[in-house]
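S.K.: Chains X and S, in that order, give the protein sequences. According to our numbering, the first sequence is numbered sequentially starting from 1. According to our numbering, the second sequence is numbered sequentially starting from 1.
Quick caveat, the hints were computed from the structure, so don't treat them as lab data. Treat the hints with care, as some may be off.
As the list claims (entries may be wrong) - With the Cβ distance kept under 10 Å, some of the chain S side facing chain X (calculated, not the full set): (1) 166; (2) 167; (3) 170; (4) 172; (5) 174; (6) 176; (7) 177; (8) 178; (9) 179; (10) 180; (11) 182; (12) 184; (13) 185.
As the list claims (entries may be wrong) - No more than 25 Å apart at the CA atoms, straight line, and that leaves these computed lysine to any residue pairs for SDA-like: (14) 163(S) <-> 124(X); (15) 184(S) <-> 55(X); (16) 86(S) <-> 86(X); (17) 86(S) <-> 53(X); (18) 163(S) <-> 101(X); (19) 86(S) <-> 69(X); (20) 184(S) <-> 107(X); (21) 108(X) <-> 164(S); (22) 117(S) <-> 214(S).
Backbone N, C-alpha and C fix where the C-beta goes; we use that ideal spot for every residue, glycine too.
Residue-level listing of the chains:
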Amino acid sequence: MLSVKNIETWYDLIRALHGISFEIKQGDIVALLGSNGAGKTTTLKTIMRLLEDDQPEKGTIEFMGKRIDRMDTEEIVRLGISYVPEGREVFPELTVMENIQMGAYTRKDRQGIKDDIEGILKQFPILSERRNQQAGHLSGGEQQMLAIGRALMSRPKLLMLDEPSLGLSPLLTKEIFAIIQRINQEGVTILLVEQNVNMALKYSHYAFLMENGRIVRADKPEVLREDDDVKEFYLGIATETSAKGYKRYRRKVRFR
Amino acid sequence: MFEMLLIEGLAIGACYGLFGVAVAIIYKTSDVVNFAQGEMGMMSTFVAYHIMTAYGWPFYIAFPATLIFAILLGMAIEFCFLRPAKEPTVLGLLILTLGAEMLLMGLAGWKWGAEQKDFPFLLSVHKTVEIFPGFALNEWTIGVFVLTTVVMVLLFLFFRYSKLGIAMRATQQNENAAKIMGIKVERVFSITWGMSSLIGALAAMFFAARSVLDPNFMMEPFMRAFAAAVLGGLTSIPGVVIGGLILGIIENFFGYAWPEWKPIVAFVVIILIITVRPSGLFSKHYVKKV
Ligand SMILES: Nc1ncnc2c1ncn2[C@@H]1O[C@H](COP(=O)(O)OP(=O)(O)OP(=O)(O)O)[C@@H](O)[C@H]1O
Ligand SMILES: [Mg+2]
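Isolated chain X (complex conformation):
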């Protein structure tokens, strides 16, 4: 469904993505994992074309058989990709309801929009309660629900979420993941960026591991879970200690 080939993205003179490639199959939940600064957000922004106009510098991105690496963000949204950015980015001085309506900006079918709003409010009862409140006054968790609900309003085929569990309590994190799973079961393919590797591996069908702007592992979660590096550096399960008792430096990684 989404096929990224050899993407290189630069911030001025800094190369953030060193030629990454991956594919996402329709219907999957795909996790994109990696430590801080690995380039996960940059990858999503590159796909959405939110960076400078001349980025990605190299490579191609195809969505449902169409090249989208030179399209405008607005066209990409129309094609069916929706993006929940890192840090929610709701419109703080619009009401919850207006935020949700903005999610349907590209659509024209009034009745369909109405029905979908109903659906979103049913799915997120907390939003229904707060519908006339300014979004900036919601709690972090409520804002995350709003950001997801808003992103669903464009009826996406692919939903990309950037660290949806950031700053949420374990309980709320679980709820968010359950929601993501439910959305997926309704037929939306999902690309999920996460720091919470444990949870992400639990819910995803496939996972990529990023490091320093490269994809260093790509496998099923069951396999990655057993991987020594993943265990040690992402899941925090120490497997070996060196003679001096220090943590061993990261083992060298294979590049794809």
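Dock chain S with the ligands against chain X, hints included.
M.R.: Just chain S with the ligands now, kept in the frame of chain X:
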């Protein structure tokens, strides 16, 4: 006497407020005080003047034609001056609007000359209408009140209920998120400048009808409107209009008592506001952050 001073102050204040709204709409979207605003209004007024005097067409044709010109002028200035600036600083944007101001003033001076002209306007300051027995207002004053009210109501409905209006507010609050929603933010900027220029042109024609028309005639009204906008908080549209009304009243009473000091009232107000309450009297944003 008191009544007259009050009403006159309110009327001229409404005009400042209206022009201040034009400033505020751009400020909210582009994050810059558009110093070319006055000259954009001046240019539009000259176009109306030209259509009426050089072509001899009646006011009811010149007026809508001018409004269309104003919209296109606003869009053109945004397109030519602001859009090419990549990741501009506030200072950089400010300089750009100053450049646009110089250009427009030069153009008007070259085309129409520096001498003062009478602007033939539909509503006169000298003709009065008796609204109810014993209470008369001049046409100009009635026109200003009606226009300001209509513009305010339309703006309120537009920003509250129309999809484009809400999208414009969304873009003001978070441009990147607006893009993600599929909003064409460049078009929003364009429309914002067109709208602002339109409102500015309406107010400018009223100013011209009251004083005279020359390439500099909008300098002072712009400064006053700017003061009104700062007074009202620059971000709240009703706040800006109320700021204009307050300024108009202060100025009129002050000018009656000490005529020679009248021109500086606006600046005293700006300085006071900046020292006492920099976010303006009616800014919501400020309250939220406390
Ligand atoms: N606007 C920018 N200008 C310059 N460099 C940037 C910019 N944004 C990101 N980078 C750099 O690109 C690299 C990748 O950043 P990115 O935000 O994609 O990381 P990330 O994987 O999302 O990290 P995190 O988990 O902390 O969100 C980092 O080294 C970062 O410093
Ligand atoms: Mg990130």
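S.K.: Compare the structure with the hints numbered earlier in the document and write down the numbers of the violated ones, lowest to highest.
M.R.: none
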